[in-house]
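Trainee: Sequence:
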Amino acid sequence: MNQHEEFLAAEDGVSFADFMAYALHDPVRGYYARRISDVGARGDFTTSAEISPALAKAVAAWAARELRETKCRDLIELGPGSGALAAAVWKELPWSLRWRTRLHLVESSVGLRERQRSRKELRHVQWHETVEAALALCGGRACLYSNEFFDAFPVRVFGRQGQSWCELFVKKSEQGIMSEAFREVVDLPDSTLCSISFAEGQRVEVADAVRHWLENLQRVWNAGSMVAIDYGDLVETLYYRRLRGTIRGYLAQQRIEGEGIYQNIGRQDLTADVNFSDLMHWSHGFAARQKCETQREFLLPHADSSHRGDVYAVDPLGAGSAFRVWHLRKQES
Numbered sequence: 001m002n003q004h005e006e007f008l009a010a011e012d013g014v015s016f017a018d019f020m021a022y023a024l025h026d027p028v029r030g031y032y033a034r035r036i037s038d039v040g041a042r043g044d045f046t047t048s049a050e051i052s053p054a055l056a057k058a059v060a061a062w063a064a065r066e067l068r069e070t071k072c073r074d075l076i077e078l079g080p081g082s083g084a085l086a087a088a089v090w091k092e093l094p095w096s097l098r099w100r101t102r103l104h105l106v107e108s109s110v111g112l113r114e115r116q117r118s119r120k121e122l123r124h125v126q127w128h129e130t131v132e133a134a135l136a137l138c139g140g141r142a143c144l145y146s147n148e149f150f151d152a153f154p155v156r157v158f159g160r161q162g163q164s165w166c167e168l169f170v171k172k173s174e175q176g177i178m179s180e181a182f183r184e185v186v187d188l189p190d191s192t193l194c195s196i197s198f199a200e201g202q203r204v205e206v207a208d209a210v211r212h213w214l215e216n217l218q219r220v221w222n223a224g225s226m227v228a229i230d231y232g233d234l235v236e237t238l239y240y241r242r243l244r245g246t247i248r249g250y251l252a253q254q255r256i257e258g259e260g261i262y263q264n265i266g267r268q269d270l271t272a273d274v275n276f277s278d279l280m281h282w283s284h285g286f287a288a289r290q291k292c293e294t295q296r297e298f299l300l301p302h303a304d305s306s307h308r309g310d311v312y313a314v315d316p317l318g319a320g321s322a323f324r325v326w327h328l329r330k331q332e333s
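In terms of the numbering used here, the sequence shown has 52 at position 52, counting the first letter as 1, and numbering is strictly consecutive.
It is worth saying that the hints were derived from the structure and are not from the lab. Honestly, I wouldn't trust all of these hints.
Straight-line distance between alpha carbons at most 20 Å, and here's what the computed EDC-like set of lysine to aspartate or glutamate pairs gives [unchecked claim]: (1) K171 - E11; (2) K291 - E69; (3) K171 - E259; (4) K291 - E332.
Please work from the sequences and hints to get the whole structure.
Mentor: Here is the structure:
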């Protein structure tokens, strides 16, 4: 048994958050660290950036406005995937703004960084492994944007049992089978989920890793704006008809749920819907203003009804409502 198997076979098991962090980000076995090299038809999943031109147009319009209003000269994309969105956003920016704006990409995956570097449109870009490194070069003043970034953060999973909350732990047996067990906790961690009454057996996720990321961001980000696009919802409706929560995997464009998320460890993507109410709650202390809208509302002014990708992205019964867009203007420090 190697050290990685020993981690999963720990006597008391590991929290689901630790398992997810291992499966996605372990430097030897992690999906993002070792396996993923592309996004789109040749990858395990596809993002809106690969199919909808309206996304880049909307982000570019947002960036043009926010860069001018905040007087920032640096634009940062978080988790740029294949680099398709960064290349398209840069092309859509007005020339009068492009010549004085510096574009930065924050990417921790070696495979994806190589994929991004192969794009000739991104030769002028500066790459960073962390947002802290990017902001250090910008003097803490920048506008940030992301598409499907927060959904890749590990989440803690809790289950409602009677009047109590229990946290999900997982363990790998000698036969290589993963098993689940819940352990009682006194309270949920800081989350807007505490304001909701849930039925017996309901599973929910809390992205504590995102909360810590935002706390660190606050320390190094002095001025600017941020827009984040991701699948998810506000807390009131996030778990509607989803008793087992929102965790799932993606492998070769196939959605995987239930016990399947414990198979193909390090070879499939794992993700959870974003609780946008938590993002706004955790950012309240440093946000001058913020709002959340649907992807349809954000993209519609820029969508072309004759383009299939744009039609898909603004569909009110599909991606248009399944994705949310979070806007935040940083309170200057």
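Trainee: Give a verdict on every hint.
Mentor: Against the structure, the hints:
no. : hint        : verdict
1   : K171 - E11  : holds (8 Å)
2   : K291 - E69  : holds (17 Å)
3   : K171 - E259 : holds (13 Å)
4   : K291 - E332 : holds (18 Å)
When held up to the earlier numbered hints, the structure conflicts with none and fits them all.
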